[in-house]
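Colleague: So the chains spell out like this:
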Amino acid sequence: MSTAPDTRAFDPTAAGAGSGRKILQTSLRPARVILYLLLALFCIYYLLPLYVMVVNSLKPLSEITAGGMMALPRDWTLAPWQSAWSTAQVGVEATGLRPYFINSIIMVVPAVALSTLLGALNGYVLTKWTFRGATVLFGLLLFGCFIPFQIVLIPMARVLGLIGLAGTVPGLIFVHLVYGIGFSTLYFRNYYAAFPTELVRAAQIDGAGFFRIFWRILLPSSGPIAVVCIIWQFTNIWNDFLFGASFSDFDSQPMTVALNNLVQSSTGVKEYNVHFAGAIMAALPTLLVYIVAGRYFVRGLMAGSVKG
Amino acid sequence: MRKLTTMMTAAAALMAAGTGLHAQEVEVLHWWTSGGEAAALNVLKEDLASQGIEWQDMPVAGGGGSQAMTVLRARVTSGNPPTAVQMLGFDITDWAKEGALADLNILAGMEGWDDVVPEALQKFSKYDGKWVAAPVNVHSTNWVWANKKIMDELGIEQPKTWDEFVAALQKAKDAGYVGLAHGGQAWQEATIFDAVAMTTGGPEFYQKAFIDLDEETLGSDTMKQVFDRMGTLRGFVDDNFSGRDWNLATAMVINDEAAFQLMGDWAKGEFLNAGKTPGEDFLCYRFPGTGDQVTFNSDQFAMFAQGPEVGKEQAALATAILSPTFQIAFNKVKGSVPARTDLDVSELDACGQQGYEEFKAASKSGNLFGSFAHGHANPAAVKNAMYDVITAHFNGEYDSATAVDELVTAVQINK
Amino acid sequence: MSIADTANRPGAVDRLRDALPKLVLSPTVAIVAIFVYGFIAFTLYLSFTDSRILPSFGWVGWQNYHNLFRIRAWDTAVSNLVVFGVLYIAICCALGLLLAILLDQRIRAEGFIRTVYLYPMALSFIVTGVAWKWFLDPGIGLEAVVHGWGWESFQFDWIKNSHMAIYTIVIAAVWQTSGFVMAMFLAGLRGIDNEMLKAAQIDGASTFALYRRIVIPQLRPAFMSAFVVLAHMAIKSYDLVIALTGGGPGTSTELPATFMYSYTFTRNQMGIGAASAVIMLMTIAAIIVPYLWSELREKK
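So the sequences go chain by chain: A, B and C. Each residue of the first sequence is one higher than the one before, counting from -10 in this note's numbering. Each residue of the second sequence is one higher than the one before, counting from 510 in this note's numbering. Each residue of the third sequence is one higher than the one before, counting from 101 in this note's numbering.
Hint data in this document are derived by calculation from the structure and do not stem from the laboratory. In this text, a Cβ means the ideal position worked out from N, Cα and C, and glycines have one as well. Keep in mind that the hints are not guaranteed to be accurate.
Derived CB-CB ranges, DEER-like [stated by the list, open to error]:
| id | chain 1 | residue 1 | chain 2 | residue 2 | range |
| --- | --- | --- | --- | --- | --- |
| 1 | C | Gly250 | B | Asp908 | 34 to 42 angstroms |
| 2 | A | Ala197 | B | Glu563 | 51 to 59 angstroms |
| 3 | A | Gly122 | C | Ala141 | 16 to 24 angstroms |
| 4 | B | Gly621 | A | Ala60 | 28 to 36 angstroms |
| 5 | C | Thr307 | A | Pro88 | 55 to 63 angstroms |
| 6 | A | Ala29 | C | Arg320 | 27 to 35 angstroms |
| 7 | C | Gly111 | A | Pro88 | 55 to 63 angstroms |
| 8 | B | Val625 | A | Gln71 | 52 to 60 angstroms |
| 9 | A | Pro88 | B | Gly621 | 36 to 44 angstroms |
| 10 | C | Leu396 | B | Glu563 | 48 to 56 angstroms |
| 11 | C | Tyr137 | A | Leu61 | 48 to 56 angstroms |
| 12 | B | Glu563 | A | Gln71 | 22 to 30 angstroms |
Work out the full structure, taking the sequences as your base and the hints as a guide.
Modeller: This is how it looks when you write it as C-alpha cells:
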C-alpha cells in the first residue's frame, strides 16, 4: 500500500503502461498463440448459453421439439420475439412483457440513484470524517450484505404495512435501497480511502464545508467507482424477483415477475422459443449497461476500490 | 396465534373502510399463466366485468404455486391481502386457522352450496362450519394413460390387478419400449405412490395412513410393501427420468416411446393438444385395484377477509365461480370435472364425462379421497416431508425398510 | 487523524457542523440497525416459537432446532454448501486470476473479450436457467451433441446423478461470476507498483517469483472484495439451484437457501425455517467476521 498520494490511480487513462508492466507481459510468439487460443476457448464457455438462447429464440416451435439445440435455425423467424413482447400469455390477459418493462424502469432508476448517492455520502463520512468506531460500523454494515432475503421478507412486509408503503412503488424502492446500501458503501468507502486526504484538508482550510467538499472535490473524481456501483446495483435490482413479486401490486409488478410467469407456467405447451426471446428481452437493459459501461468498470475497480 | 392476523385484518378493514379502496374491484392471486387455463379464467373476468366489477390480475407462477404462496404471506403480513387466492387443500385450512379468510355462509345459504358440493370437497372449502372458499374444479389423480397402439401390438388388456399391471409393463419393456414414462420430480413420484398405496392397502389403509396419520399404519408391513412396489416400478422407468417435466413424460406416451404413464387427468389435455383421440390413440382408466376410488385434488379460490363483512365484489366473485356456466366452461378447457354434482356435462369429452360420473359415484359411496400427493390428505408440512422420503427411496437413497422408518419420523416431526 | 479535530471552537452552529458527518451517516445506521440486525433478532426469536404459516409467538424452546437436526435434507444442504462454497470460491478466484493475467498481456480486442467474460453477471438465472438445463441434460444437451459428432462413449449426465449434480451447480455458478472476479483482479494487476517489479527484476527474480512475491500479495485487497462478493453469492444461491435442478435429483442439491425457503414458505414450518436461517447466519458470521476483522484492522 503506497503512502504517498497515488493520483496515477485516479487517472483512468494510465493503464499501467510503465516499463515495469512489460515484465509481466510476454512477447514470445508461441506463447502468444497459446494465449489467444486459451482466451478463445474461454470465450466459447461464456458465450454458449447465450448462443443456445439466441439461436433457439429464432426457430419455430416445431424445429425445437425436433431436437438439435445447437443447430442454427432452418426457418428463421421473429415471431417468438413479437409474441414475447406483446402477445404472450403472462396472466389472464395476453399482454407480453411490454407493460412490465415500464414498471421495472420506474422502480430501478430511483433505487439505483438513491442507493449510489447514499453510498457515496457514507463512504465519504467513513473515510474523511472518520471517528472512533467507524471501522467497526463499516464492518457491521458490510455484514449486512450477507443477509438472505427470505429472512427479511415477512418482517419487512409488516413494517411496510405499518408505514403504509405496502404494494407501492416507493415501498419497493425503499426495500431495494435498504438492501443495496451495504454494497454501495463498500465500493465508495474503499475508493475514497485511497483518495488523498491532503486535498480535502486544503479545501477545508480554504473554508469549504462538509457538503462543499463532497460536491466539489470528491464527487467529480468518483466517476469510475460510481459506474461500478451503478452497474452492480442495476443488475441486482433489475434481476430481483423475490421483493418485486412480494411487494408489488397488480399494477406495479416488475418485469422479472412477468418473465417468471411466462417461463414457469406449469401446464400447457411450453413455447421454448418465446421463453428464450422473452428472457433475452428481459436481460437487454442489463446487457446494454454492461456493454456500454463495461469499459469504465475495470477502470473504476482499478482506481482505488481494490487498493483499499 | 390468531391475534396477529386478526390485528392485520382489522387494520386492513379500517384502511379499506376509511379510503373506500376496495370498491368495485377484485384482486386475484393465482398461477394460471399459460394458454388454456388463463383463457378459461378470462371467462370469469368477463363475467365480472359485465357486472361492473374490475378484475385486477396478480399472476405469480413458479413451483406449482409455491411462489404465489410466498407472495401471499407478504401481502397478508403487510395488511393488504388480495380478494381471492388460488389455493389447494390444506393450505386453505391453514390460512383459515389464522383467521384470515372471510365467512361466506350467508352467500352459501342463498346459493345452496351445501347441497351441490360433495362433502369431501367441503372439508376444504369450509372451516369450522363456515364457507371460506369457492371450489373451481376437481382433478383426479389415480389414472393410467396408455398408448393404444402399443397395447394392441403386444396384446395387452386393461390390467385389473397389480400383478397384471407389472406383467404388462414387463411385456412393453421386453419389446423395447419404455414401460413407464415418468418425470423425476417429488410430486410425480408421490402421485404414483398415492395410487400404489391405495391399491395395496385399500381405502381404509389410505385413510388411516395419510389422513389420520396413524403411526402404526405408517410403520406397518403394508407400507413396506408399498415401497417395495415403488421399487418395482422404478425398474420400468428409463434412465433419463430425473427432473423431467410431467408433460414431457406424457409426450413419450404420445410419441409411441412409452407404454404407460401414471398421472392425473390434466394429462388428457396433452393428448388432445397433440390431436389424439381417447379410445383410439390412447386409453384412460383407473389405476389397477382402485377402480372404485377417486383420489382428487381441487383448485379453490380462498376468499380473504377484506373487512368485517363480505363485500359485494367478493360475493359476486364467489357466486360466479360456482355458477354452472363457469364451471362447465372452465372445466371443458382444463380437463378436470366441475365441483358441483348437479350439472349437465354433455359438453365435456368422453374421458371428462366418465370422470364426472365416477366422481359422483365415489362421493356417494364414500370413496372420494383427498389425494395426499396433492395436499388434500394432510397439511403441507407433512406432505412435503413424505415427498422427501418417497423421492429419496425412488432415487435409491433408502431401501424399503429405512423408507418406512423415515416416513414415520417425518410425520412425527411435522405433525 | 480526523479532520474534525482541526476545528476547535465552541458554539451551536459549529457543534452542528461537527455533528453533520454523523448526521449524514445516521439514516444508514438506523436503516441497518432495524432492517438488518433487527430482523435478524426477529428471526432468532421466531426460531424459538411455534410459528407455522405465519409468525406466532408461542415459546417452544429448542424444539425447532432439535427437529431441524433430525431432518436429513438439512445435513445434505449444509454439506452441499461446504462443497459448493469451497469449490465455487476457489475455482472463481483461480479462473478469475488466470483470465486476468491472460488479458493483461496487451491483447488486441481486449475490450470485446472482457465484455464476453463479464456479461454473464448481468443475467439472472430465471433468464438462463432453461438454457443451462438443456445444455446439461444428457438427452438433448452436451452429451447428445457430442454423440452426434461421433464420440459415442462420451458421458455427461452429472445433472441426473445424485452424487454429481452439485458439481453442475458449481459449473453454472462459476460461469456467472468468474468474469466479475476477473475484472477485479485485472484492475488489481493494473494497479501494481511498477517500481517494485523493476527492482525485483534487477535483483534477478524469475517471473514465477515475481508473481509469488509481489503480484499476488498486492492483490490481497482485490481478493478481499472478490471473496465478499463470492461468499455473498454462494450463500444466496437460490435462483440458480431452483432453475437448474429444483433441489434434485431427490434432495441431493439442496442448499440452505433453498431449504430455508422451502420450510418457511412452502411447508408452512416457519419455526424450523427460522432455525435453519439462524444456523446459516451463525456459520456466515463465523467465517466472514474473522476475515473482515483481519482485513479491516490492517487497513488502518
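Colleague: Against which earlier hints does the structure fall short, listed by number upward?
Modeller: 4, 8
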